[in-house]
Amino acid sequence: MDNIGIKEAILAIVTLDKQQPASGVPVFYARDEKERDKIAMYLSKILSAMTHDLENGTYIIVRH
Amino acid sequence: MSKYLVVVAVGVAMGVMARLFMLRVDYRQYPSYPQGYLIHLSLGLIASFLGAVAMPALIAREYTAVTFLALAAQQFRDIREMERKSLENIEDTELVPRGSAYIEDIAKAFESRNYLAILTSLFTSLVLQFSNNIPVTILSGMAIILVLSLMARRKKINDIAVVRPARIRFENSLLCVDNIAIMNVGHPDSRKIIKEQGLAVMIEPKDDNARATLSNAGQRQAIVHDVASLLGVKRDVTDVDFMPLARLDLDTGRVGLVIVPMERDMESLMEAVKRVPVLESSRRKPLESFAGKQAAD
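From first to last, the protein sequence lines stand for chains A and B. Residue 57 in the numbering used here is what sits at position 57 of the first sequence, and the numbering runs on without skipping anything. Take any residue in the second sequence, note its place counting from 1, add 1000, and you have its number in the numbering used here.
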């Protein structure tokens, strides 16, 4: 499975949506978009993971 | 006795020359450390020695000596194993991995080149044994080296596909090369960098055989690796966002490749893609079969 990605895992969620329920994955609530981007950037650097935008105010940090 | 010595010496010399010639051809994909060079030269020397003694041994009625060739084949299988192991070991340290298909292909090439050295020395010792003419032997040795290396030459992407520049664009957070969706890039800063510094090419297969070959994930990883090693890639181990990727357009079989290179030069990017070898293990020829031809209509 070296060449095919079936090893992805959501490591964290960064969201503006305070209603986002936490379940199984760490959720980081951000006050505004600027803070969300910053948290996402830090997390993806720390975790060597990638930020993906679900375009509903929520970012997911995914390890590939 | 001394005649055999000359035969063997010339055979060995030509065999080593064959191996040296292949090492030169191989330079780009070869991890060019001096030790690796030495390893393969000495193995080539042993291989050509085995090839060279086979003919004099036969003539001296030492038939058991020929069975050494079988033993040699067994031994040289280990070369593939050795190359595979060492390339797999350094795979984690590559910013853009080669992928298992590429590794397998390189390992296979190294094994086969030792057989080419054996064949060359066998052939030249045969020629010298019967012609007794050293210049003729050397010339025919060079000819066989050329023929064998032409036979072992692999196709390039240039032979099976057309490479042209493509445009990078974003549909919201989705990175696209022309109409092919590559991946979701979440962070706005990363999107900006990709847009400003990234390059993209479209690889269009020439026929259905090429399409099947390009759809192989190992082949695409090989392209990405070669391009990244030639042009450099603007990422460190933590910057997953700038991993170069090659993704398929399922409707047409075209491959879109995106990379954020160190050297932002479209011409050399296209040249690098064109020169990537077509992997033996990825090569498909559906058009050669009846079912494949029917399906292509």
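I should point out that these hints are in silico values taken from the structure, not numbers from a laboratory. A portion of the hints provided could be inaccurate.
To be verified - Far from chain B, some chain A residues (derived; all Cβ distances over 10 Å):
hint : residue
1    : Ile10
2    : Lys18
3    : Gln20
4    : Ser23
5    : Val25
6    : Pro26
7    : Val27
8    : Tyr29
9    : Asp32
10   : Glu35
11   : Ala40
12   : Met41
13   : Ala49
14   : Asp53
Said to hold, decoys possible - Below 25 Å or equal to it, Euclidean Cα-Cα: the simulated DSS-like pairs (lysine-lysine) are:
hint : chain 1 : residue 1 : chain 2 : residue 2
15   : A       : Lys18     : A       : Lys38
16   : B       : Lys1206   : B       : Lys1156
17   : A       : Lys34     : A       : Lys45
18   : B       : Lys1206   : B       : Lys1155
19   : B       : Lys1285   : B       : Lys1274
20   : B       : Lys1155   : B       : Lys1274
21   : B       : Lys1293   : A       : Lys45
22   : B       : Lys1195   : B       : Lys1155
23   : A       : Lys7      : B       : Lys1293
24   : A       : Lys18     : A       : Lys34
25   : B       : Lys1156   : B       : Lys1285
26   : B       : Lys1206   : B       : Lys1293
27   : A       : Lys7      : B       : Lys1234
28   : B       : Lys1108   : B       : Lys1285
29   : A       : Lys38     : B       : Lys1195
30   : B       : Lys1274   : B       : Lys1108
31   : A       : Lys45     : B       : Lys1274
32   : B       : Lys1206   : B       : Lys1274
33   : B       : Lys1156   : B       : Lys1274
34   : A       : Lys7      : A       : Lys45
35   : B       : Lys1195   : A       : Lys34
36   : B       : Lys1156   : B       : Lys1195
37   : B       : Lys1155   : B       : Lys1108
38   : A       : Lys38     : B       : Lys1192
39   : B       : Lys1234   : B       : Lys1155
40   : A       : Lys34     : B       : Lys1192
Each residue gets a CB set at the ideal place from its N, CA and C atoms; glycine is no exception.
**Q.** 10 Å Cβ clearance of serine 23(A) from chain B
**A.** holds, 21 Å
Q: Verify that the Cβ of glutamate 35(A) lies farther than 10 Å from every Cβ atom of chain B, and report whether the claim holds or is violated.
A: holds, 13 Å
**Q.** Given hint lysine 1192(B) paired with lysine 38(A) - CA-CA distance at most 25 Å
**A.** holds, 15 Å
**Q.** Restraint check for lysine 1293(B) with lysine 45(A), where alpha carbons must lie at most 25 Å apart
**A.** Status violated; Cα separation ~49 Å.
Q) Is it the case that valine 25(A) keeps its Cβ farther than 10 Å from each residue Cβ in chain B? A) holds, 15 Å
Q) Holds or violated: are the alpha carbons of lysine 1156(B) and lysine 1195(B) at most 25 Å from each other? A) Violated: lysine 1156(B) and lysine 1195(B) sit about 29 Å apart, past 25 Å.
Q: May I ask you to check that isoleucine 10(A) keeps its beta-carbon over 10 Å from the closest beta-carbon of chain B?
A: Holds, since 12 Å exceeds 10 Å.
Q: Assess, step by step, whether the Cα of lysine 18(A) is no farther than 25 Å from the Cα of lysine 38(A), and give holds or violated.
A: holds, 18 Å
Q. Regarding the pair lysine 1155(B) and lysine 1108(B), is the alpha-carbon distance no greater than 25 Å?
A. At roughly 15 Å apart (the allowed maximum being 25 Å), lysine 1108(B) and lysine 1155(B) satisfy the hint.
Q: Assess, step by step, whether the Cα of lysine 1234(B) is no farther than 25 Å from the Cα of lysine 1155(B), and give holds or violated.
A: violated, 29 Å
Q | Hint consistency between lysine 1285(B) and lysine 1274(B) [alpha-carbon to alpha-carbon, up to 25 Å] | A | holds, 20 Å
Q | Given as non-interface: alanine 40(A), partner chain B, CB spacing beyond 10 Å | A | The assertion about alanine 40(A) is violated, with a minimum of 6 Å to chain B.
Hint check: violations occur at hints 11, 12, 13, 14, 21, 22, 23, 31, 36, 39; the rest are consistent with the structure.
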